[in-house]
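Visitor: Work the whole structure out from these sequences, hints included.
For the sequence shown, this note's numbering assigns the number 204 to the last residue and increments by one with no breaks.
In short, the hints are calculated from the structure, not lab data.
Be aware that one or more of the hints could be misleading.
As the list claims (entries may be wrong) - Computed list of lysine to any residue pairs in SDA-like fashion (alpha-carbon distance at most 25 Å, straight line):
(1) Lys55 x Ile36
(2) Lys44 x Ile155
(3) Lys62 x Asp109
(4) Lys146 x Val94
(5) Lys69 x Met187
(6) Lys44 x Arg132
(7) Lys110 x Thr126
(8) Lys114 x Val83
(9) Lys114 x Asn168
(10) Lys80 x His166
(11) Lys69 x Tyr41
(12) Lys139 x Glu153
(13) Lys44 x Asn168
(14) Lys196 x Thr126
(15) Lys110 x Asp163
Remember, it's a predicted structure, so these values are computed and weren't measured experimentally.
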Amino acid sequence: MKDNKLYVVIFTFLISFILVFILALANEMTKEKVKINEELYLRKAVLSAMGIEYKNDIEAYKLFDEKIKIEKIKDIDVYKSNVNGEDVYAVIFVGNGLWSTIRGVLAVDKNISKIVGIDFITQSETPGLGGRIEESWFKEQFKFEKIIDGKIEMIVGGSGKGDFNHDNGEVEAITGATRTSESVLNMINSYLNILKNLLGGELG
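Guide: See the structure below:
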């Protein structure tokens with residue numbers, strides 16, 4: 001009886017050890033691939049937010065190296081490029097959505113008077129609701145949006161189609177995902193202030 005119990009304990013231990021070893025090995029094998037993918041997502045988001053078009057992943061890597069300069073200011077990476085004759089600056093923003101951490105890129109002009117664009121690196125908000133922040137119409141609202149009194153305002157309960165008047169400093173929340181929309185806006189406004197401090201610019 002005691003031998004049976006000992007056998008069960010040893011067998012369970014060995015199985016557990018083997019499973020942990022396999023999982024650790026799999027994690028180690030995929031770690032480099034995950035790192036490469038994360039770098040690709042970041043590069044594509046920076047290019048998109050700055051308004052630099054690319055056709056595929058290979059071109060995105062190439063254009064990033066050719067057109068983007070990275071300068072560390074107060075321990076924050078600031079991305080800089082000249083797009084259509086204008087200097088554009090960008091930073092990565094991070095904050096909490098409704099269900100997940102959201103990472104994205106915010107790009108502005110050199111005077112921090114307008115948003116050049118935004119894009120997202122990672123987010124895990126609810127598909128069909130908060131996850132719609134990835135949709136083109138939502139991001140396009142921010143493109144060349146005028147910054148008024150140092151911030152962007154959000155319309156809740158609007159048309160549901162977006163606000164594309166880029167001179168009013170306003171964007172529309174996603175219907176059914178107000179909290180995620182407001183979280184994104186709060187991040188953007190917070191990082192507008194950070195950019196102001198980093199670049200010494202005058203807001204809007």
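Visitor: With reference to the structure, classify each hint as holding or not holding.
Guide: How the hints compare with the structure:
| no. | hint | result |
| --- | --- | --- |
| 1 | Lys55 x Ile36 | holds (19 Å) |
| 2 | Lys44 x Ile155 | violated (28 Å) |
| 3 | Lys62 x Asp109 | holds (23 Å) |
| 4 | Lys146 x Val94 | holds (22 Å) |
| 5 | Lys69 x Met187 | holds (23 Å) |
| 6 | Lys44 x Arg132 | holds (18 Å) |
| 7 | Lys110 x Thr126 | violated (35 Å) |
| 8 | Lys114 x Val83 | holds (14 Å) |
| 9 | Lys114 x Asn168 | holds (11 Å) |
| 10 | Lys80 x His166 | holds (23 Å) |
| 11 | Lys69 x Tyr41 | holds (17 Å) |
| 12 | Lys139 x Glu153 | holds (14 Å) |
| 13 | Lys44 x Asn168 | violated (28 Å) |
| 14 | Lys196 x Thr126 | violated (32 Å) |
| 15 | Lys110 x Asp163 | holds (24 Å) |
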